[in-house]
Every structure is written in structure tokens, then in C-alpha cells.
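Asker: Single-letter residue listing:
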Amino acid sequence: MSFLIGENMTGGYGGADILHDCTIAADQGEIAVIVGPNGAGKSTAMKAVFGMLNIHTGRVMLDGEDITALTPQARVAKGMAFVPQTSNVFPTMSVEENLEMGAFLRRDNIQETIDQVYELFPILGDKRRQNAGELSGGQRQQVAVGRALMTQPKVLMLDEPTAGVSPIVMDELFDRIIEVARTGISILMVEQNARQALDIADKGYVLVQGRNRYTDTGQALMNNPDVRKSFLGG
Amino acid sequence: MIKVDNLSKRFGGFYAVNGATLNIATGSITGLIGPNGAGKTTLFNVIAGVHAPTGGTVMLDGEDITGLSPHTLFHKGLLRTFQIAHEFSTMTVRENLMMVPGDQAGERLWDAWFKPNLVRAEELELRKKADEVIEFLEISHVADELAGNLSGGQKKLLELGRTMMVDAKIVFLDEVGAGVNRTLLNTIGDAILRLNQERGYTFCMIEHDMNFIGRLCDPVICMAEGAVLAEGTIDEIKANEHVIEAYLGTGLKNKEAKA
Amino acid sequence: MELLNALILMANFVLVPALAYGSQLALGALGVTLIYGILRFSNFAHGDTMAFGTMAVILFTWWFQSMGINLGPLPTALLALPFGIAICAGFVLATDKLVYKFYRQQRAAPVIYVIASVGVMFVLNGIVRFIIGPDDQAFADGERFIVRARSFKEWTGLEEGLTIKVSQGITVITAVLVVAALFWFLNRTRTGKSMRAFSDNEDLALLSGINPDKVVMVTWIIAAALATIAGTLYGLDKSFKPFTYFQLLLPIFAAAIVGGLGNPLGAIAGGYVIAFSEIMVTYAYKKFVGYLAPGDWSPDSLLQLLGTNYKFSVSFVILLLVLLLRPTGLFKGKSV
Amino acid sequence: EDVKLGVFLGFTGPLESLVANMAPGAETAITEVSESGKFMGGSTVTAVRADTTCIDSAAATAAAERLITSDKVSGIVGGDCSGVTTAALTNVALPNGMVMISPSATSPALSTVEDNGLFFRTAPSDARQGVVMSDIIMDRGFKEVALTYTNNDYGKGLADAFQAAFEAAGGKVTISTPHEDGKADYSAEVGALQSAGGEILVVAGYLDQGGKGIIQASLDTDAFDTFVLPDGMVGDALPEAIGDDLNGSFGQAPGSDSEGAGKLVEMAGDAYNATSPFSAESYDAAALIMLAMQAANSTDPAAYKEKVMDVANAPGEKILPGELGKALDILAAGGEIDYVGASNVELIGAGESAGNYREIEIKDAALSTVGYR
Amino acid sequence: MTMNRNVLYFGIMAVLLIIVGQFQSWNLSLSILNLCLISAIMALGVNIQWGYAGLFNVGIMGFAALGGLAAVLISMPPVPAAWAAGGGGVLLSALAGAATIVGCIVAYAKLPKGGIRTAIIVAIGVIGFFIMRGIFVPATDAIESVDAAKTGYLGGLGLPVILAWPVGGLLAGGVAWVIGKITLGLRSDYLAIATLGISEIIVAVMKNEDWMTRGVKNVNGLSRPVPYEIDLQQALWFQNLCETLGQDVVTFSSIFVKLCYAGLFLIVLLAIFWLSERALKSPWGRMMRAIRDNEISANAMGKNVTARHLQVFVLGSMVVGIAGAMLTTLDGQLTPASYQPLRFTFLIWVMVIVGGSGNNMGAVLGGFVVWFFWVEAEPIGIWLMDTLTSGMAEDSGLRAHLLDSAAHMRLMTMGVILLLVLRFSPRGLLPEKTGHH
Ligand SMILES: Nc1ncnc2c1ncn2[C@@H]1O[C@H](COP(=O)(O)OP(=O)(O)OP(=O)(O)O)[C@@H](O)[C@H]1O
Ligand SMILES: Nc1ncnc2c1ncn2[C@@H]1O[C@H](COP(=O)(O)OP(=O)(O)OP(=O)(O)O)[C@@H](O)[C@H]1O
Ligand SMILES: CC(C)C[C@H](N)C(=O)O
Ligand SMILES: [Mg+2]
Ligand SMILES: [Mg+2]
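Protein chains in written order, with my numbering: chain P, 1 to 234; chain S, 1001 to 1259; chain G, 2001 to 2336; chain W, 3001 to 3373; chain X, 4001 to 4437.
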């Protein structure tokens, strides 16, 4: 059993089900990447794992504990962190305050972590006093990831963290993710920059219409011609 | 077609665009790249009339369009998409598309009240067109869904779809590719090429996916710190040291260690 | 001498009253602005919340008075204030539970909250009149004046007097303290920041482990405290009458908006802008000019820019001018 | 048989606190008559309240409509404010042929309103009060006054009447400025009034509304120390609230030498304050309607409207509050009465109070009557 | 489904009115109905602005008041003595005012930009203002002293009052155009308070410019578009009619008059409803919804947001103005002091939201329901108190207190009803249909 697993999840936003018997999981120190066409239900699956959506069948387990019934805040307290795909910053708060909010539940000194984030994304250090709402799209994305890193989580969930960031920052980001994973943290990530992502992934999921279509190691999926053609852009 | 001359835009004490000068040739697909915060989106916003420039001019086909409002520019054939999708979230996908064309008779109150037949005929036409676009973008199954309920990528597609509803002269695309599935992005790339070749649209697109840029764009302009850093073909740009240092980078460092 | 007289005249009829009135508006506007800033709607029930809180304070004051407890020169109401705040907070929290919570869960549009608050306003209106009646209620005691015009004249030998009331002094000081405290709270403390975060992006606040129920609760408690303080100070200075508190709503909103909704500093600035413009534009400068003019000459006309019947209009014209230059108020407020 | 009377006053709105003492005034008369058992051969009378809101004509019209057509009242005591009274009169009472006796609508315009003889008031027109007030001020030797009035038909009408009378008598009004009731702050008004100057300040307002606010602020800033108080300002509440500072201020209110007012105060006891403005007039308005019914021996407005003036004026036995039973007896026996009531009612012209005024002065923080005019 | 809801709710409304008719009186029921009709029109006006375009206009009161002003200016007879005394002066000062404004505009256009230009414009403005006042004040004083108790104003044109309805619309629309030009750049609550302020200013002017409106002295005795009850009662044909119907002449005369009003109001309501509905369901409506949804995007899609906002602001205000003129006509008098934001602004908003914003049917229903309870809340409150206290001892203090407070229960009842409706259908009784085309 994996450290984090959303098992056989079925559910949606109140209308028709979006997810059908969908399973995603990540083990400690492991990077799991979800790919799939737009509207496949990737973000929905992430939200389901984070408890922001009702699933009527299936369950979510963290470290052997069933957390299906917990609220999102409670999951944060259990060491999960999530970067949503859209509206993922506090627009009228400064960059630094955004980061502080990421560490809201932490009681220790957070300055060190803040400095680490600034090191990772130097532009944020320059703009620490600026409101996040005034940042460029890519800068915002960096704030969002930075905010999640502030939690010092056990599980880090990222919904398209590289959307809109420049190649150099994307590389930095993936580098950092690998580092983070190496410290034993589970990473669950949705990506459309799929090839780069699968390249560093231990495990990959291809989701189509709310169902698991392929599940394999990152490399295996990359080498699967069907997957390449239909989902990775050839 | 578009001539941007020494354009600048200041926010508070900070110059987001700082003396940018560039040309977009008629019939080209010009790529615009640059690090996050280089001022690309701001440049678009100034050209498209969302922000008034602090200095400099913008010309469209020899006409000074500096500071004109977005809706005026729309009628001059200048369209743009938004980096952060700006769909009409309480309207259906189809309505989002049908509202785009300008000069609809039904948008004039008098005709809406007293010329129902005219309006009805026009609506049929619009609907057909909208359905074609929907089909093309592979979002038929959500055609009657509220746009606010679309997935992130679908919203991006809708954003692009709106520019396809009218005959534009020049279209500014702000990261249409971000968050779009790569397979679909290829299809979109084909569409852009087709619009460019068959209908003569000029494109200027911001993108961070170098493959996508490489496939479509010539020339490519790289911005940094509010000004143009380099311009050239994709290969020239890829080889430019400044661009590599500021933007492209040299790949993953940790990958090997990990394996 | 004449110059001094002129200055004292202005101080007595313009500066002091405008400062006091401005502070009263500011305290009210703070509550409005806080709710707007955090819970993102214009709370039309605020005037009546002020009335409710003040009513609670009055009842306690009476009780204390009847037991002979007092604060010497200061009004007993100050002693009753914490109790009034507690009751008002309890009531407001109950309202939230019964009314607003539902819309929060529904993620209703701000206008729905606004209209719901109109409903709450109606209900509060009835409750307050039901408990304490529609009449004026006297509850001020202690010393009334810090400086009194007549004594002032005697001391200084000037023709003009200067009055500063205890209630005015308390009001101005409280307003400044409260703003400073609120500003500090929102921008420097963890809870304060989490409240701003909640208002910025509710979902993301959840994802950061911020407890929305706590944010909402704290917001309402502070708002109730502000309302009670504002209402009590106003009542001490003028008088308590439920209908007047409803009428206060308009200038209070004007103040909050001029300053920029959601910004505590804006509320203070807005309060003074409204108060000073009301008083200065409609003031008759006849006497003032009379003192300054040489000899015994004094102007025939009143030298009044506009009659006081237009004083409300004046403050709204100023408001408009401010908004035209700065569409979200002096201090860059929010807008939903 | 049970006869219903409408008590049509502003229970909510800006005059709600005055009405709190007016309605019981009217209801005292109603209970008195009803309990006497002598009304129209033993009929009872009940009061039906309806809200004029004082300001909202539409709501007032609807309420009057309800009283007449649904509650089927036989007469209406009210309305209170001149504006809504006019609306209810022209829109509802007139078409339905209903009698209205207002205790407090004092606008001069109501003297000439078209009413088919259906409208009366136990309050005098402000045209008269203006003259009386001017005389009082002149007699005390003041020649220059500042004037502020509550910005409604009552305040404006009274202020105009006063200013005309005062200036005709050679006085000077340095400034005449309105104030809105129920507003948060009156510093601006007081500043302007003080600057304009004047020996005393005439406050044509309401004692628990802006009028009080103006006086309080004037005293606090020492802008004025003597005030002239017309009817809307006369009441115990004012000296009670303000205290010794008000000593020396003076004014007038409808009223007369009669013991009637005192009687009513006795009858009211602690239940309400019968010295509050228009409380006495309310009692009288209700009494008049019932007495006129008795005289006509009919509850049909068309019949008893003719009798209102008869019972109100001489000749006949004088009737004070508390003596309604006696009056009913006399009328039943075919005799004549001259209703004096709590406010010394004397109806003149088109059926409005002649205007007897009680001159008052504040002494030792209390109202005291110093004469009658 | 929605069709059924429409029928259901309007059916309930009809039943309520019938109950009032049966148990209270038909007169009352009809006068409630008339106000319901007017309220429905006002609610439609607000719905056009808010529901279609998302304009938070809280200045309804001002436009209703302007409609009322139109009723006076159109229908009251002119006062020749007042015209003689100061009519010329008022016109002259208006000319002076216009000249000042033109002067400022010319100076703005002709002179080069800079400090000097500003100074000259300010100078022209200030001098013009004082010249204007110099002519204006004596003229209005003269007008106001012409038989102040009865006239003291210029009077109107003496035309049939029904003309005032469209004129009221035009007047309100014209003023809305000016206001819109100034304020429509503002967003949400900022626009709200700006319009609220302007409406207060409009009412303040009507309250204080006696030469035009008689101010707080009110204008009474406006003429009517329908017969007078007294005349009917005397008319032979009417008496015969009553006889055949077996009705009391007096009662039936006022019922008849109310029916006439109801007919007129209904015609106006239906016309405005038809136009609104047609517009909403057309591409124009779609455009407005897009603008409401996202202005930036709509602008980028070629829609002239400012112009459309202005258009819809003017249209909505016109509708409110028409309703305002109708209301004043029904009242038969103009009482400027009665224009209170609670009654004329918030109550109308409550109607729109309770009914369901964005939906014309909803707005109309809201107008009906809310007005009905606004009027009936009082008897309901009293009845409630009576029932509550019926168990208590006759002389219990609490009972007396409760009964005394009954009148205040009106607002409370209203509040409770409002909260209940919003609770059980948060988007209004008849919510806007989204996702329809
Ligand atoms: N409203 C604003 N106020 C202040 N600064 C702003 C504002 N908008 C943008 N900026 C700043 O201007 C710079 C340029 O932003 P812009 O959005 O144009 O970047 P970009 O090149 O599009 O970047 P990206 O690739 O991340 O989208 C950024 O540093 C940003 O912080
Ligand atoms: N709030 C919502 N309410 C109703 N339906 C929704 C909502 N959000 C998403 N959906 C629907 O659920 C489906 C899956 O959406 P989801 O956001 O999970 O897609 P995704 O796989 O993340 O796509 P993308 O790559 O474009 O982000 C879509 O068809 C979308 O229309
Ligand atoms: C209750 C009263 C004081 C009313 C006032 N006399 C009026 O005519 O409006
Ligand atoms: Mg997604
Ligand atoms: Mg950008």
C-alpha cells in the first residue's frame, strides 16, 4: 500500500460523475505524474484526494489511515500540501505574506524556508513586497509553488506547476522537486509538459474521461507509442 | 503590420515595459518569448488598449492606434486572448462564442425589438459557425456547459476559439499553449498555420514551449526586462547566449543524480 | 486678539465638532470596512448593530448606576462597554449562524449578502425598539466637559469660547487607538493575516490550513466590538435613539467608501473628509471674516457657500469628486 | 353595537416617540366613552391603530384604506404629519366620505384644502402660531433672532409665518436655516446660526429630534443660551434631558388656561406622558368624533360631520377630560355642550382649532406656564 | 418547470389578493394591487440595470422623485403671478448657467493645456456661478413669496397628467445620462454609494427649491387621468351601474377608480415587460450578460462596455422615472420629504432580489410579493402579537408592552419574510435561467 492513495474514486461536482473508479497513488520519496487530455478529470482527481470534492465511492488513505472524511484543513494539518491549477495565490497580499500563509500551521521559525524559496525563485525575492496579484503569470505560478513548499509537507500535490513558467524556471522547478522527493516526500503532480515530467517520474498515470487508461513507470509510458501519440503530442 | 516604437509602461516606480521597439510583419507568425516578468503580457496589454502606455507609439498598418480602447481595436481587426482565461463564466460555451462577432443586428435594441426575423436568421448563422469552432476544438461534449465549469485547459481552448469567430487581421495569443494537452496543441498549431495561410491572419504569440514556437514561428523575439533582447529565427535565438542565460537554461541538474 | 478670536471661533465651531463627528463616523466606518474587507459585502445592518450594542451598554449602565458603581469623571458607560460588546458579539454570531453562514456555504454573490443584511437590519430594528423603545435614552453621566466655553472665556478674556466635551475627547482618542490596533492586527498578526488571506481567496486559505469558521468568528466579534464602541461613543456625545442610528448608516458608508473599502486607514480618513466637508462648506464665515477684517467692518452677507440644507449633498459631491479621481477611494480600497 | 375608530398616527418613523404619547391620548378618550356605557345607547367603542409612517404617503394611503374599507371604522383620529394627512384625506377619506380629525397636522395649507366638510383639526394652523410667537418675542424685548426649522411642511410653514410676522413687527431674522430630523450631527447648522448672530435662537423643530440636537449643540458650544420653543419643542422631556442650561428659554404651545390639560395628565398617570405635544389634542380629537356621533345619534360620517363644530363650540355646558360620560348624557338628552377638553378646543373657520396658546418658560429645569395668549 | 413556478407563484399572489379582498376589503386589495403594479415596474427598471448589466444603482429614489417632479411640472396649472414675479429671472439665470458651462467648455477646447487654462476655466466658473446666483436668488425669493401657503412656485404646464408618465421617463433618463457619464467608471459598491449620494442630492434639491416644487410644503391636488369618486357618485350612469351590479355607490366608486388605475398601470407594465423580455432574450441581452460577467473580456471582444452601461443605465432609470410619475399621479400629490432611501431604494432592491434578479418575471413577482407584505406586515404583526399574548393576563405589563410594540413588528415581519425567502431560494423566487439560449 502506497503512502498516499486515492482508491477507486468515483464522484463529481454535483452533476454527472466526473471520476469513475479512478485510482492514483504516490509512495514516500516517489514522484507520480498524471497526464491526460484537457477535461479528463486530472484536476478533479487531485481535488478529490485533497477532500475538496465529494466522492461517493472509494477512499483516500494517507500513511495507512483512512482520511476520506477529513476536511481539507485537516489534511493540511496531516502534512499534505496542494497547489491548485488556477487562483492559487492571495492576490492582495504581498509575495512574502503569501509564503507566510503557506506556513500558517507551522509554529517554528519559517525564515529559513522563506530564504530557500527565494533562492529557488530569485525573482520572488526581488518582489517580496509586491502584491501577488500584480505579478506576471509565471511569477505567480512560482509564488504558488513556493507557498506549498512553505508547509514542509509530507505529501506535495501540484496541479500543473509549470504552466506558464519559462524553460529555465521549469528546469529549476523540476530539479527542486527531485530534491524534495529525495528527502522522502511523496509528490503527486499533474503536468501537460508531460514529457519533461514523465522523464523524472517514478510512476505515471494517464487519465481519460475520469478513468485510468494507462498506469506504469514514467519511462514505460514515454516509450509507449500509443501514449506518445495520443497524449504526449507525438 | 504592427510597429511598436520605444514603448514603455510604468507601474508605480517599476517599468514593466521599458522602451520596447519591434515590428510584426504582415502575414507572419511572430513568436514572443522571454523570462517570467519580462513584460510580454504587459506589452500585449498596452498594444491591445488595456493599459495606456507611459510612452511610445503603436501603429497598425500605418495608423497610430496608441491608447485606443480594446473594443475599437477589435473592430479594426485586432484580437487578443488572455494569459489567465477570461471566459464568460455564467454563459455556456456556445454563447461565449456566439457573442463575439461585432455588428450583430440583434445587439441593437431597435432591431432586437422590431425585426425578429432578421435577428433569427443571423442567430442561425452564428450558431452554425460557433458549432464548427466547438467541433474543431474537441469540446463538443461541453458545448452547453457553463464556461465557468470547464477545466483549465478547456478554458484556454475557448479563449482561442473566440478569435476564430470573426475575421481578424492580427491575433495576439498569450500562452494559449500553457495547460493544453500537447497532442491537442499540435492540432491547434495546425489551425493557426491554416488561419495564417488560408485566411491571411497575422499572429503574434507568447509561448514558453520551445517546440511549439519552433514549429510555428518565424521570427522569434525574445524580451527581457521590458525591452527586446534578441530577434531572429528560432535557431538563431536558441543559440543566442543571452537568451540561454536569461531564459532557456541548460536543462536539469538533478536528473542524473536521481537515476 | 482679533486673530485669536477668529481662530478660537473656528476651533469651537468647526475643528472640534468636525473632529469628534469625523471620529464617530470613522469608528462606524471601520466596522463596515472590516466586514467588507474580510467577508466581502456591504453590511447594511451595521447601523442597527450599533444601536443594538449601544442598547446593551445602556442597560448595563443603568444597572451599574442603580448599584452606585461609577467611574468618577468618566461616563459609567465605559465600564459597561465590555459587557455590551460581549452581548452584541453573541448576537452577531447568532445572526451569522442563522443567516450568513448558509450563503457562505452556497457561495452566494455579494449582493445576496447585502440584501440579507437588509433583512437583518429590519429585524434588528424591531428588536431594539421592542426592548428599549423608540425614544431617546439618556445614559451619559460623569463630567461633561474638559473645557467649557464660558469658563474658557473667563480664563482667557477672549470674546469667543472653546468647548471640548469629555465625550469628544474620548471619541477622538479611541478612534485613533482603534485604527492603529486594527491596522496592526490585520497586517502584523497571524490571525489578522489569515483573515486577509481568507478574504483574498477562500479556497486557498483552506489549503493553507486556515480555519474559515475561526476567521469569520473573529471578524464578527471585532465588528461587533467596533459597532458597540462607535454606537456608545456616539450616544454619549449626542444621544441614543434607534432611528438616528439607522440614519447614521449613510454617512458611515460614505466615509468608508471615500477612504477606500476594506482599508482601516481609509475609514478614518473618510470619516474626517465627510465631517469636515459637511461643516466647512456650509459654515457661515461672516463672523470669522468680521474678526479678521480691519476695524469694525463686518460683511453683510453670511458668507456661506451653501445653505446647511445642502450639507448632506456637499459631502456627497466631495465623495463623487474623490471617487472620480480615485475610483476606489483615497486609500485604494477593494471592490468585489 | 361596537363602533370602531381609527387611530391613524406614525407609530413607526421619525415621529414614533411623539406618537407613543399621542395614541394613548386618543385611546384614553375612547376607553372613557366606551366604559361609560352611555354612548349611543350602550354601544362600545374600540380603537384600531394604523400606521401613517409620517412620511410615506403610499403606505399611509394604504393604511387609511385598510381602516375604512376593511376595519370599517366610523371615524379617524389622525393623521399626524401634514403631508400624509393630506394624502390620506384626498385619496381615501374624501372619496369614501370619512371624517378625519387630526390632532397635530398644523400646516397652513390644510386650512384651504378641499375636504367636503370632512376634515377637522384640534391643532391650530401654524399661520397663527407664527404671529403669537412673534408677539411673545417682541414683548420680551428681543429684536434680532436666528431661526432654524425642521425641514418639513410643519417647520417650513411655521418658520415662514413667524418670519413674516416678526419682520412686519420690525424684528430681524438673521438667518433662517432648516435642519433635517434624525440626522447624526448638527454642528454645521449651529456653526452657521452662531455666525449669523442674533440674541436668541428660535427652534421650530421637534423636541426629541433635530430640535433637541440643535439646542444641545448650541449650549455646548455656547453659541446661544436662550431659545424660543414653539409647540413641537414644548414637552417635559426637553428640560429633563438638558437641565439647568435651558433655564430662561421660553415659547408657546397650543393650550389654554383650562384645567383640562391637567386633568388629562392626572388620568394618564404613569401610563404615558400627556404633556407631550399633541397628546392632549389627540384626546380631544377622539372625544370630538364620539361626541359628534352622539349628537347626531349616528355613526355615519355624512351625518355626524355636521355636528363636530356644534359640540366643540359654545353654547353649551363646558366639558373637560374625564367628563365625557356627562357630555354623552347631555347630548343624549338633546342638550348642548361646549367641548373644552384637554386643549381648550375652539373650532373656527373650516374646522380647525382657533389657537389658544400657553406661554411657557423654563424655570429650574422644568416647564412653567407664564401666561396665555 | 419554471413555467409552472411562474403560474404557481402568481397564482398564490392572486389568491392572497383575493383573500384580502374577501376578508379585509376589495378596496384595500385593489389599492395594494395598484402599488404592486407600480412596484413591479420599478423593479423591472432596477432589474434592467442590475440583472442585465450588473450595475449597482442605489439611486432609485432619485429617479422616482424625478418622475414625481414631472407629474407636477406637466399637470399643475401655471401660476401666472409667480411667473410675472420671477419667471424671467429664473430663465435668465438658467441662461447664465448655460453660458457659464459653454464658456468653460470653449475655454477647455480652445486654450492650450496648462495652468493658465485651468485658472481661466475656474475663473469663468466662479464668476458665472455668482452672476447666476445674483439673478437666481432674488427671482426665486419673489416667486416663493407669491401666496406662499398656497402656491409660491411657478406651477406646471397644466397638461393632462398622463403625459407626465413618458415625460417622467424622459426626465429621469436625461438625468441618468448625465449621472452615468460621470459615475459609470466606478465599480460595484463605489458606484452604489455614488448613485445613492446623487439621489440624495436630487431629493435635497426638490426639498429645498421651493420655487420649482414647493419644497417640503408639498404640491397637492394633482389632476387625475381617471374620474373622481365624488363625480362618479353623482353621475347617473354610475348609479345605474351600481344598481344593476347590486353595489354600494360610495364603495363601488372607489373600486371603480382603482380599477381604472389598475388598467392603466397594467398596460404600462405589460408594454415595458414585453420590451424588456424581448431585449433580454435577444443577442443584445446576451451581450449584456457577457458584459456583466466579465467587462475586460467583453471589451476585448469588441463590445463598447461604457456605451452599453450608459444605455442600460438610462433605460432602467427611465423605467423607474415612469413608475415614479405613475406613483405621484396615484397619490395625487408630490411630497418630496417622502422620498426616503428605505422605501424607494432598498425596498425596490429587495423586490428584485427576492423575485430573482436577471429574470423579468422574477422582478415583477418580487414587486408584487414585497409590496404586499410591506403593507400587510402591519396587520400580520398585530395579529401575531394578539395571538401571542392572548394567553396572558389582561393587565400583564409584558402583554401591554408586546401590543405596544406591534407596530414595530412591521419592519421585523418584513425582515423575517425577506430572510426566509432568501434562505429557501437564495437566487430569488424565480431565479434567472442560466445556460439558456
Ligand atoms: N498591475 C501591476 N502592478 C505592478 N507591477 C506589475 C503589474 N502588472 C505587471 N507588473 C510587473 O510587470 C512585470 C512584467 O509583467 P508581465 O505580466 O508583462 O510579464 P510576462 O513577460 O508576461 O511574464 P510571464 O511569462 O510570467 O507571463 C512583472 O515583473 C510584474 O511584476
Ligand atoms: N466546478 C465544476 N463544476 C462542474 N463541472 C466541472 C467543474 N470543474 C470541472 N468540471 C468538469 O469536469 C471535467 C474535468 O475537469 P478537470 O478540471 O478535472 O479536467 P483536467 O483533467 O484537469 O483538465 P485540464 O488539463 O484542462 O486542466 C471537465 O469536463 C469539466 O467541464
Ligand atoms: C406631530 C406633529 C408635530 C406634526 C406637525 N405638526 C405637522 O404638521 O407635520
Ligand atoms: Mg486541470
Ligand atoms: Mg505573461
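What the hints contain is simulated information worked out from the structure, not anything from laboratory work. Just so it is clear, CB atoms sit at the ideal spot from N, CA and C, and this is done for glycine as well. Hints should not be assumed to be uniformly reliable.
[Unchecked claim] Chain W residues, not near chain G, derived (Cβ > 10 Å throughout): (1) Met3040; (2) Lys3072; (3) Ala3184; (4) Gly3316; (5) Glu3336; (6) Ile3348; (7) Asp3364; (8) Ser3368; (9) Tyr3372.
[Unchecked claim] Derived list of chain S stretches under chain P, where covered just means 3 residues or more per stretch with a C-beta under 8 Å from a C-beta of chain P: (10) 1110-1120; (11) 1214-1227.
[Stated by the list, open to error] Covered stretches of chain W (in silico footprint by chain X; criterion: 3 or more residues with CB under 8 Å from a CB of chain X, positions within the stretch not fixed): (12) 3082-3091; (13) 3114-3128; (14) 3155-3168; (15) 3216-3229; (16) 3242-3252.
Asker: Confirm or reject each hint.
Answerer: So, going through the hints one by one against the coordinates:
| no. | hint | verdict |
| --- | --- | --- |
| 1 | Met3040 | holds (36 Å) |
| 2 | Lys3072 | holds (28 Å) |
| 3 | Ala3184 | violated (5 Å) |
| 4 | Gly3316 | holds (39 Å) |
| 5 | Glu3336 | holds (41 Å) |
| 6 | Ile3348 | holds (34 Å) |
| 7 | Asp3364 | holds (18 Å) |
| 8 | Ser3368 | holds (22 Å) |
| 9 | Tyr3372 | holds (29 Å) |
| 10 | 1110-1120 | violated (count 0) |
| 11 | 1214-1227 | violated (count 0) |
| 12 | 3082-3091 | holds (count 7) |
| 13 | 3114-3128 | holds (count 3) |
| 14 | 3155-3168 | holds (count 4) |
| 15 | 3216-3229 | violated (count 0) |
| 16 | 3242-3252 | violated (count 0) |
The structure shown violates the earlier hints numbered 3, 10, 11, 15 and 16.
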